[in-house]
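Take the given structure of chain Y and dock chain P to it, following the hints.
As given, the protein sequences belong to chains Y and P, one line each in that order. Reading the first sequence from the start, the letters are residues 263 to 371 in our numbering. Reading the second sequence from the start, the letters are residues 221 to 329 in our numbering.
Since the hints were made in silico from the structure, they are not lab data. Keep in mind that this is a model prediction, so the values were computed, not measured. Beta carbons: idealized from backbone N, C-alpha and C, even for Gly. Incorrect hints may have been included.
[As the list claims (entries may be wrong)] Label pairs and their calculated CB-CB ranges:
hint	chain 1	residue 1	chain 2	residue 2	range
1	P	Ala281	Y	Lys264	39 to 47 Å
2	P	Leu231	Y	Leu336	37 to 45 Å
3	Y	Ala279	P	Ser287	46 to 54 Å
4	P	Asp258	Y	Ser343	38 to 46 Å
5	P	Ser242	Y	Leu336	20 to 28 Å
[What the hints assert, rightly or not] Over the 12 Å line for every Cβ pair with chain P, so calculated as not near, a few chain Y residues:
hint	residue
6	Glu318
7	Arg321
8	Gln325
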Amino acid sequence: RKEVEQDPGPFNVPEGATVAFNCTYSNSASQSFFWYRQDCRKEPKLLMSVYSSGNEDGRFTAQLNRASQYISLLIRDSKLSDSATYLCVVNPATGKLIFGQGTTLQVKP
Amino acid sequence: DGGITQSPKYLFRKEGQNVTLSCEQNLNHDAMYWYRQDPGQGLRLIYYSQIVNDFQKGDIAEGYSVSREKKESFPLTVTSAQKNPTAFYLCASGPYEQYFGPGTRLTVT
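Bound-form chain Y, shown alone (with noise of 0.2 Å):
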């Protein structure tokens, strides 16, 4: 089982529309989580911190389920703008970041 999993997609969405990723990680103990988003050929940057008790901002919201060891990031009012690969991100506490494998967003007109 891999580390972290996420589903590649990629999720094809009409301007406007709400779109949901999820990703699951397998260590119990991974202590801070991440959503960073890559351009095509660009470096990944980061998009937001997930925290225990959810966190929005603007049109993005990140939920953090640690019973279930998922995480996910929900876009409102997708844009043209927003199509990017998502990569979900989480810090096992070993000194290093365990990255998925990033799910693509295209935005349709």
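What follows is chain P alone, placed relative to chain Y:
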């Protein structure tokens, strides 16, 4: 401006040559990381360093070497022993979340 710089952006080499990729950060981070990304694939950890003069192998260290003589700098050498060196190389730093440089695309022919 605070950030991570990598140079060069594109690098072309002939087989059998060693090549060194530069990574510099002025974020005052102790920890620095090198990743490799192949087309359509996730990030794979090559080496990481949590403190000056110390570094650890990641998941795919064979054919690579690093040094960490200064806090700001973590150069990666791709040696001729690396069987498939053509890839996108990303450097990152950070205490918990990681911040990435723009990457170096290495092509070896």
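We went through each hint and held it up to the structure:
1. Ala281(P) to Lys264(Y): 39 to 47 Å: violated (20 Å)
2. Leu231(P) to Leu336(Y): 37 to 45 Å: holds (39 Å)
3. Ala279(Y) to Ser287(P): 46 to 54 Å: Holds, at about 48 Å.
4. Asp258(P) to Ser343(Y): 38 to 46 Å: violated (26 Å)
5. Ser242(P) to Leu336(Y): 20 to 28 Å: violated (39 Å)
6. Glu318: holds (18 Å)
7. Arg321: holds (21 Å)
8. Gln325: holds (18 Å)
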